[in-house]
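Protein chains in written order, with the working numbering: chain A, 1 to 113; chain B, 1 to 113.
Please keep in mind that the hints were generated in silico from the structure rather than gathered at the bench. You can take every hint at face value.
Once the Cα atoms are required to be at most 20 angstroms apart in a straight line, the calculated SDA-like pairs of lysine to any residue come out as:
no.	chain 1	residue 1	chain 2	residue 2
1	A	Lys78	A	Pro106
2	B	Lys105	A	Pro61
3	B	Lys105	A	Arg109
4	A	Lys24	B	Leu45
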Amino acid sequence: DAGVIQSPRHEVTEMGQEVTLRCKPISGHNSLFWYRQTMMRGLELLIYFNNNVPIDDSGMPEDRFSAKMPNASFSTLKIQPSEPRDSAVYFCASSDRGVYEQYFGPGTRLTVT
Amino acid sequence: TQLLEQSPQFLSIQEGENLTVYCNSSSVFSSLQWYRQEPGEGPVLLVTVVTGGEVKKLKRLTFQFGDARKDSSLHITAAQPGDTGLYLCAGDHSGGGADGLTFGKGTHLIIQP
Numbered sequence: 001d002a003g004v005i006q007s008p009r010h011e012v013t014e015m016g017q018e019v020t021l022r023c024k025p026i027s028g029h030n031s032l033f034w035y036r037q038t039m040m041r042g043l044e045l046l047i048y049f050n051n052n053v054p055i056d057d058s059g060m061p062e063d064r065f066s067a068k069m070p071n072a073s074f075s076t077l078k079i080q081p082s083e084p085r086d087s088a089v090y091f092c093a094s095s096d097r098g099v100y101e102q103y104f105g106p107g108t109r110l111t112v113t
Numbered sequence: 001t002q003l004l005e006q007s008p009q010f011l012s013i014q015e016g017e018n019l020t021v022y023c024n025s026s027s028v029f030s031s032l033q034w035y036r037q038e039p040g041e042g043p044v045l046l047v048t049v050v051t052g053g054e055v056k057k058l059k060r061l062t063f064q065f066g067d068a069r070k071d072s073s074l075h076i077t078a079a080q081p082g083d084t085g086l087y088l089c090a091g092d093h094s095g096g097g098a099d100g101l102t103f104g105k106g107t108h109l110i111i112q113p
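All chains, full assembly: derive it from the sequences and hints.
Here it is, written out as structure tokens:
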């Protein structure tokens, strides 16, 4: 079975540009999580969906960040406009047991210059 | 913000040695999970502990949840180079409900041959 799929794996963009990260969760999983990982702050939860509905978005840093889950098999995280401090590795994870037993994708390494 | 402190931050030991890493908080968790992350990949779940005082073993890895459910430890016996990675603990305060997981910053472990 395919795991969590994320695209792109790497993204380099200039400050001010819009960035869209994509995630396909494991089929049958009804919970989806977006995380950001940096050396300074570690792994931070940005937003958590359950059955396509956002449950906890308190980790979304500011209005420049938005996330959608239009159906059970696809989610996006958008940053507009991007800033250099958004540079990080962004992970998507899914689960069929709520916050337990999360399966992580390989991540998207974002660099904003 | 509910903090999880992991120690040590970095640990480098020789193959065959034993080691223990720690995960501590001032707050009580409904459950606690341990993940291992290798470079360029997402975290992979190792174990979930839910009962105070619980001990779980995974081959050479022994996980313990504190009696008060505020802390946890991971002990590795006869460490192997394949154990190298970033070990993350993650706590759940809401019993699998709305709050998602809080991750520690991790322990970077290097096992030298």
